[in-house]
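Visitor: Residue numbers (my numbering), protein chains in the order written: chain A, 1 to 337; chain B, 1 to 337.
Where hints are given, some of them may not hold.
Here are some chain A residues the structure puts well away from chain B; computed CB gaps all over 12 Å [stated by the list, open to error]:
| # | residue |
| --- | --- |
| 1 | 202 |
| 2 | 312 |
| 3 | 316 |
| 4 | 334 |
Pairwise CB distance ranges (calculated) [said to hold, decoys possible]:
| # | chain 1 | residue 1 | chain 2 | residue 2 | range |
| --- | --- | --- | --- | --- | --- |
| 5 | B | 257 | A | 4 | 38 to 46 Å |
| 6 | B | 169 | A | 304 | 50 to 58 Å |
| 7 | B | 144 | A | 4 | 47 to 55 Å |
| 8 | A | 54 | B | 17 | 42 to 50 Å |
| 9 | A | 187 | B | 10 | 49 to 57 Å |
Simulated from the structure, these hints should not be mistaken for laboratory data. C-beta: ideal position from N, C-alpha, C; glycine also.
2 protein chains.
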Amino acid sequence: MKTEAILLAKRPVGLPGPDTFEFVQRDLPELRDGELLLRTLWLSVDPYMRGRMNDVKSYTPPFPVGEPIRGGGIGEVVESRHPAFRPGDLVTGDLPWQRHAVSDGRGIRAVPAGLTPVTAALGVVGMTGLTAYFGLLEIGRPKPGETVVISGAAGAVGGVAGQIAKLNGCRVVGIAGSQEKVRYITEELGFDAGINYRTDDLRSALREACPNGVDVYFDNVGGAVTDAVVFQMNDFGRIILCGQIAAYNLERPELGPRLFPLFVMRRLSAQGFIVSDFSRRFDEGTRRLAAWHQEGRIQSRETVVEGFERLPDAFLGLFRGDNIGKLLVKVADPEHR
Amino acid sequence: MKTEAILLAKRPVGLPGPDTFEFVQRDLPELRDGELLLRTLWLSVDPYMRGRMNDVKSYTPPFPVGEPIRGGGIGEVVESRHPAFRPGDLVTGDLPWQRHAVSDGRGIRAVPAGLTPVTAALGVVGMTGLTAYFGLLEIGRPKPGETVVISGAAGAVGGVAGQIAKLNGCRVVGIAGSQEKVRYITEELGFDAGINYRTDDLRSALREACPNGVDVYFDNVGGAVTDAVVFQMNDFGRIILCGQIAAYNLERPELGPRLFPLFVMRRLSAQGFIVSDFSRRFDEGTRRLAAWHQEGRIQSRETVVEGFERLPDAFLGLFRGDNIGKLLVKVADPEHR
Numbered sequence: 001m002k003t004e005a006i007l008l009a010k011r012p013v014g015l016p017g018p019d020t021f022e023f024v025q026r027d028l029p030e031l032r033d034g035e036l037l038l039r040t041l042w043l044s045v046d047p048y049m050r051g052r053m054n055d056v057k058s059y060t061p062p063f064p065v066g067e068p069i070r071g072g073g074i075g076e077v078v079e080s081r082h083p084a085f086r087p088g089d090l091v092t093g094d095l096p097w098q099r100h101a102v103s104d105g106r107g108i109r110a111v112p113a114g115l116t117p118v119t120a121a122l123g124v125v126g127m128t129g130l131t132a133y134f135g136l137l138e139i140g141r142p143k144p145g146e147t148v149v150i151s152g153a154a155g156a157v158g159g160v161a162g163q164i165a166k167l168n169g170c171r172v173v174g175i176a177g178s179q180e181k182v183r184y185i186t187e188e189l190g191f192d193a194g195i196n197y198r199t200d201d202l203r204s205a206l207r208e209a210c211p212n213g214v215d216v217y218f219d220n221v222g223g224a225v226t227d228a229v230v231f232q233m234n235d236f237g238r239i240i241l242c243g244q245i246a247a248y249n250l251e252r253p254e255l256g257p258r259l260f261p262l263f264v265m266r267r268l269s270a271q272g273f274i275v276s277d278f279s280r281r282f283d284e285g286t287r288r289l290a291a292w293h294q295e296g297r298i299q300s301r302e303t304v305v306e307g308f309e310r311l312p313d314a315f316l317g318l319f320r321g322d323n324i325g326k327l328l329v330k331v332a333d334p335e336h337r
Numbered sequence: 001m002k003t004e005a006i007l008l009a010k011r012p013v014g015l016p017g018p019d020t021f022e023f024v025q026r027d028l029p030e031l032r033d034g035e036l037l038l039r040t041l042w043l044s045v046d047p048y049m050r051g052r053m054n055d056v057k058s059y060t061p062p063f064p065v066g067e068p069i070r071g072g073g074i075g076e077v078v079e080s081r082h083p084a085f086r087p088g089d090l091v092t093g094d095l096p097w098q099r100h101a102v103s104d105g106r107g108i109r110a111v112p113a114g115l116t117p118v119t120a121a122l123g124v125v126g127m128t129g130l131t132a133y134f135g136l137l138e139i140g141r142p143k144p145g146e147t148v149v150i151s152g153a154a155g156a157v158g159g160v161a162g163q164i165a166k167l168n169g170c171r172v173v174g175i176a177g178s179q180e181k182v183r184y185i186t187e188e189l190g191f192d193a194g195i196n197y198r199t200d201d202l203r204s205a206l207r208e209a210c211p212n213g214v215d216v217y218f219d220n221v222g223g224a225v226t227d228a229v230v231f232q233m234n235d236f237g238r239i240i241l242c243g244q245i246a247a248y249n250l251e252r253p254e255l256g257p258r259l260f261p262l263f264v265m266r267r268l269s270a271q272g273f274i275v276s277d278f279s280r281r282f283d284e285g286t287r288r289l290a291a292w293h294q295e296g297r298i299q300s301r302e303t304v305v306e307g308f309e310r311l312p313d314a315f316l317g318l319f320r321g322d323n324i325g326k327l328l329v330k331v332a333d334p335e336h337r
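Same shape as in the complex, but just chain A (with noise of 0.2 Å):
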């Protein structure tokens, strides 16, 4: 049996562009005792895979040139010689770029039952949610009072973390690139103040949104946003570093001011992290998300491509702040339901 993949055809460098992805017929494998056929339904396309892009030392290995892209997806198994599933099952896991794939059941888990909608385990209650609620809750460690500040704070990430910066009782203030995403993340999403970083000035929006100051700031951006925000914060704030999207792109590390000098001053802390830091923690997240979730106090708009062959649009779009919330890929509908 063949399918279509889409290959890492090249290393970008800066921006990728056409000549990154390559589309090909590549032949399935035939199944063996262990493994299950999956089709692809959703992918989600993140910042983080522009990482794995490029050939350094990083906390994922780095995609081989000439092998599919690979991402968290949602997939329903076709035929099945895995005893854990049954054809019709819905699986979530990491799945490579491609509409249908052989799986040895590895990173592979069951949707929970009555998720809905079942893209949730992509987002809220997935890598997101968790990216959201770890980075917040165990770096962060806001107290209730505080002022936590957002970069991306319509993303998927940013969204999830201020939803729970609420729920611990901060007033949350969040940074994004268009008043459509400022609507969203203070009418839909309860954040207390929204900036719109291309149109406001940031340091004086950031003096008015934050009276008493930032004691949290939850980085998903970097860059000149982050410089604004951390001029501001109060003696002992924590920074947590969850993601640098303004300089996924870059061919050299940017200058910018050196912040350590006020690190000392006023006993700032900073750390980095990735959401699989946490992982013998997924199920006590996962749980916590989902209740939240159920009970309507944690939502996330999506933001749906739908087609295969729109994959790396869809991704580069990231870059160009195309999505409000999740942004996903619908490669196929289920056939079993």
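On the provided structure of chain A, position chain B as indicated by the hints.
Guide: Showing chain B alone in chain A's frame:
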């Protein structure tokens, strides 16, 4: 009674100069109940004092213009109407830059009996020793076998931090600004390796001295030295931001490569601190440092400048890198010994 004092004449912009300081004769008030009259014997000059010359929000209130500069010192009690002190006692604490001073005893305590030399109360067993102790152990949390790099390694804090790291079973590499300092840290203090940042190629010297990368970085310096170390850090590396002497005399923040993208990739953490954040544990720290000092396991050279009138220049010498170990100004000999 009159005494000589050195006032902060005006707030310096950039490097302090002669017009920063003013020598005056001051009236000392009559001693009241609960007060004591001190002869100043020793005054400590330390880089953090530069920050107190600025009128900015910081961890310690700024020195008022027209008032004496203050710092750690040792005095001899000349006259006492305070129940805890008698003439001839040696005391240590925060003292004004004056030949004599009246104190109500707050922030003043007896120099521990048997401490040799008594100036260790300003160094290894005093503020700089405690800074090294809490910064390294509480923020750095070094594990045996890990590699610890220390900038400003021949200074009062860096030298002690490196020796404590050795006591904890680490490989310790110091960075300093002369061959004499490199010899001091390797031959006298027992560091495993030393790098002269003025003459060595810092990146290749670090790679050679740290074949397993850098796990803990105790930073007294900042600037380009710190950039070079941070780029060599291992996953989950900890950066102790103790001082940033390279930045203290800058008129505006310097630009440097943005480091936060690396923080995410390698899950680095950085934390600024000052020693008084740990003041509730000073007894514990002082006890352990005093024991190590007495056993000869921690030592520090002293660079002594003789004469009250040389205080301003001694202070400025910190920024020229004049000192090895603790920089002290000897103001007078005790009368009672």
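Visitor: The structure should be examined with respect to each hint, and the outcome stated for every one.
Guide: Verification of the hints:
Distance to chain B confirms residue 202/A as a non-interface residue, since its nearest Cβ pair spans about 16 Å, more than 12 Å. The non-interface label for residue 312/A is consistent with chain B: the shortest C-beta to C-beta separation is roughly 23 Å, beyond 12 Å. The beta carbon of residue 316/A is kept farther than 12 Å from every beta carbon of chain B, the shortest such distance being approximately 19 Å. Taking the minimum C-beta to C-beta distance to chain B, about 35 Å, the non-interface status of residue 334/A holds against the 12 Å cut.
In this structure the supplied range 38 to 46 Å holds for residue 257/B paired with residue 4/A, their Cβ-Cβ distance being about 41 Å. At about 55 Å, the beta-carbon gap between residue 169/B and residue 304/A stays in the expected band of 50 to 58 Å. Distance hint check: the CB atoms of residue 144/B and residue 4/A are about 53 Å apart, consistent with the given range 47 to 55 Å. The hint said 42 to 50 Å for the Cβ distance between residue 54/A and residue 17/B, and at roughly 48 Å that hint holds.
For the pair residue 187/A and residue 10/B, the supplied restraint of 49 to 57 Å holds, since their beta-carbon distance comes to about 52 Å.
Taken one by one, the earlier hints all hold for this structure without exception.
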